[in-house]
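*Asks:* Each chain, written out:
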Amino acid sequence: MNPQQQQAGRISAALLPEFDHEMATTRRTLERIPEDKLDWAPHEKSMSLGRLAGHVAELPNFGSITMKTDSIDLASGGYQPLTATSQKQALDAFDKAAAGARAAIAAASNDDLMQSWTLLYGGKTVFSMPRVAALRAMMMSHMIHHRGQLSVYLRLHNVPVPSIYGPSADEGSM
Amino acid sequence: MNPQPQPTGRISAALLPEFDHEMATTRKTLERVPEDKFDWAPHERSMKLGQLASHLADMPSWGVVGLKQDSLDLAPPGGPAFEPFQGKSRAQVLERFDKNVAAARAAMADTGDPEYMKPWSLLRSGQTLMTMPRVAVVRSFVINHIIHHRGQLSVYLRLNNVPVPSIYGPSADEGNM
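So the sequences go chain by chain: D and B.
Following this note's numbering, the numbering of the first sequence begins with 1 at its first residue and continues without gaps.
Following this note's numbering, the numbering of the second sequence begins with 1001 at its first residue and continues without gaps.
Be aware that a few hints might be false.
[Unchecked claim] Pairwise CB distance ranges, derived in the manner of DEER restraints:
1) D/Asp-70 / B/Ser-1121: 37 to 45 Å
2) B/Arg-1010 / D/Trp-40: 30 to 38 Å
3) D/Gln-115 / B/Asp-1039: 45 to 53 Å
[To be verified] For the chain D half of the interface with chain B, some residues (derived, Cβ under 10 Å), not all of them:
4) Glu-22
5) Trp-40
6) Ile-65
7) Thr-118
8) Tyr-121
9) Met-138
10) Ile-144
11) Arg-147
12) Val-161
13) Gly-166
Simulated from the structure, these hints should not be mistaken for lab results.
No residue lacks a Cβ here, since even glycine has one placed at the ideal position from N, Cα and C.
With the hints as constraints, model all of the structure from the sequences given.
*Replies:* Spelled out as structure tokens, the structure:
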């Protein structure tokens, strides 16, 4: 088999173009967070802008965690939530997390990706699914969800919202 | 007998559990839109709540467009431009969403692996804006796009003191691990 044929049946080869596209859009969004508003929240029950940006920045870490473990327990105390105190801090954390996730996915065989992965909380199983599905849910979809929230936070501060899946009211055209 | 159409290929078998899960969470979110706030928007440049909910109800139909057509022209030359759905009530939004989800699910289940890899194009006035495999249309234009706007809708709910459902984990209002 030539290298192209080897790539053709690989799940990772199908994941990476979408990964690169979504991570580029996320970075563009994080590049716009207003540093003087990191303590602001739109509602008393909402995350602050700094915490939401930190959460978006740290979520790609799930990519390497999922590939390097068989399970994690969220109640084990190992998770240190990131609250961004500057734009640079959020971007540095994001770049590191995204690079680690990309390398872990690129190195993964189909067997690695189809192996079951479990999320636990205090020893109780929250879900078990093939790693490829866990990557989608915990990393990609989860990040897209919070990035959507962050786009509303930006708008509320009159920060131009980047084009994400199509033009925003501020930018982009079809 | 299972009433849901069964997948015909490996790609649809991989997509459908995720599609079902995400559509269920989306419905749970849409069930909460406050009808008396359809004209509310958090900012003058933002979509109104009714528009955002209607957009979410519309989007699953693009799964059918992405799998059963070769392309979509947003402003076909000589034809009418794409008209977004404008729901007037929560019931209308949910009815539209359910209908579109059922149709998209059937189209996804009915599509074999080779068809998922066929190219699909988005056009405006006859000009191609982008071309991608049909599986990417389902993934990006339908599923990711819905997740994005559902995230926005969750902020709209919070700002109107509507309890936010658990989406990928507990919200400040509901759910625990």
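*Asks:* Now tell me if each hint is right for this structure.
*Replies:* Here's how the hints hold up against the structure:
no. : hint                               : in the structure
1   : D/Asp-70 / B/Ser-1121: 37 to 45 Å  : holds, 42 Å
2   : B/Arg-1010 / D/Trp-40: 30 to 38 Å  : violated, 46 Å
3   : D/Gln-115 / B/Asp-1039: 45 to 53 Å : holds, 50 Å
4   : Glu-22                             : holds, 7 Å
5   : Trp-40                             : violated, 13 Å
6   : Ile-65                             : violated, 15 Å
7   : Thr-118                            : violated, 13 Å
8   : Tyr-121                            : holds, 4 Å
9   : Met-138                            : holds, 7 Å
10  : Ile-144                            : holds, 5 Å
11  : Arg-147                            : holds, 7 Å
12  : Val-161                            : holds, 8 Å
13  : Gly-166                            : holds, 8 Å
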